[in-house]
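2 protein chains.
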Amino acid sequence: MEIFHYQDVEAKRAEKGTFGVMVRWLITKEIGAENFAMRLFEMEPGGYSPFHGHPWEHEVFVLEGKGIVVDEKEERKFGAGDVIFISSNEKHQFKNNGEKTVKFLCLVPYTHEYVRAH
Amino acid sequence: MEIFHYQDVEAKRAEKGTFGVMVRWLITKEIGAENFAMRLFEMEPGGYSPFHGHPWEHEVFVLEGKGIVVDEKEERKFGAGDVIFISSNEKHQFKNNGEKTVKFLCLVPYTHEYVRAH
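Quick mapping for you: the protein sequence lines, in order, are chains A and B. The opening position of the first sequence corresponds to residue 1 in this note's numbering, with each subsequent residue numbered one higher. The opening position of the second sequence corresponds to residue 1 in this note's numbering, with each subsequent residue numbered one higher.
Hints are not guaranteed to be accurate.
Note: identical chains are not told apart, hence a pair may lie in one copy or across any two.
What the hints assert, rightly or not - Pairs of lysine to aspartate or glutamate residues, derived as DMTMM-like cross-links and limited to a Cα-Cα distance of at most 25 Å, are as follows:
1. K77 <-> D8
2. K29 <-> E113
3. K16 <-> E113
4. K73 <-> E10
5. K16 <-> E72
6. K73 <-> E30
7. K16 <-> E44
8. K77 <-> E30
9. K73 <-> E2
10. K12 <-> E74
11. K73 <-> E34
12. K103 <-> D8
13. K100 <-> E34
14. K66 <-> E34
15. K91 <-> E30
16. K100 <-> E90
17. K73 <-> D8
18. K95 <-> E75
Honestly, the hints are just simulated from the structure, not real lab data. Given the structure is predicted, the values throughout are model-derived calculations rather than measurements.
Here chain A stands alone, though its shape is the one from the complex:
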């Protein structure tokens, strides 16, 4: 068993194409998670992720803040307690259009080498 507070995991600048976004890789293959990884994102007001797609899904739970999430068909508001599922290859973008930091969990499967490389 491993137990720790999320703030005990280093926050790193999220990858290229994001603005004002930090990520903490909370549960990874390094501690024995073979199937999927848990990350926590912190997005400052005005921050965003790129509008992009990739061949793995996202399972998201919004912890704090308000923002919008965009796909190719629509733009939806989100807030604390919302659950978001982005299918594999579905283009998507998260934006913080609120006044507080947005915090959300975003889990990804270790089915692709690109994810395993993190």
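Dock chain B against the given chain A, drawing on the hints supplied.
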């Protein structure tokens, strides 16, 4: 993309051996999640899960409340913002020894038929 509030998903009594525990299956294979499922547990004060093990891991994020988690070696306190990883086949038990409902996310891989059957 799917987006909904966690409270819009029905809470069901958690399985045999639990006491005072409700579960909402938030993200499942039914909405296209092929690799892992996101569930949200609500455990009332005095509630617990059985001390048990199984061949799949748990990735847990504590949203609210305080409790203890037990494995074969130790007993640890947990609270909001804590991250818990239970390895496959590691025996474990969650207990709410606080005065408020404990809420936590617990994600499981679809690597076993038992999980897929839910």
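Hint-by-hint comparison with the structure:
1. K77 <-> D8: Cα proximity of K77 and D8: across copies only (16 Å, versus 30 Å in one copy).
2. K29 <-> E113: both (12 Å within a copy, 22 Å between copies)
3. K16 <-> E113: within (18 Å within a copy, 38 Å between copies)
4. K73 <-> E10: neither (35 Å within a copy, 27 Å between copies)
5. K16 <-> E72: within (21 Å within a copy, 43 Å between copies)
6. K73 <-> E30: between (37 Å within a copy, 21 Å between copies)
7. K16 <-> E44: within (16 Å within a copy, 43 Å between copies)
8. K77 <-> E30: between (34 Å within a copy, 23 Å between copies)
9. K73 <-> E2: between (40 Å within a copy, 12 Å between copies)
10. K12 <-> E74: neither (30 Å within a copy, 31 Å between copies)
11. K73 <-> E34: Classified as between: cross-chain Cα gap 22 Å, same-chain 33 Å, threshold 25 Å.
12. K103 <-> D8: Answer is both: 16 Å inside a copy and 21 Å across each meet the 25 Å cutoff.
13. K100 <-> E34: neither (34 Å within a copy, 33 Å between copies)
14. K66 <-> E34: neither (32 Å within a copy, 28 Å between copies)
15. K91 <-> E30: between (29 Å within a copy, 20 Å between copies)
16. K100 <-> E90: Result: close neither inside a copy nor across copies, 27 Å intra and 39 Å inter.
17. K73 <-> D8: between (38 Å within a copy, 23 Å between copies)
18. K95 <-> E75: Intra 10 Å, inter 40 Å, cutoff 25 Å: intra-copy only.
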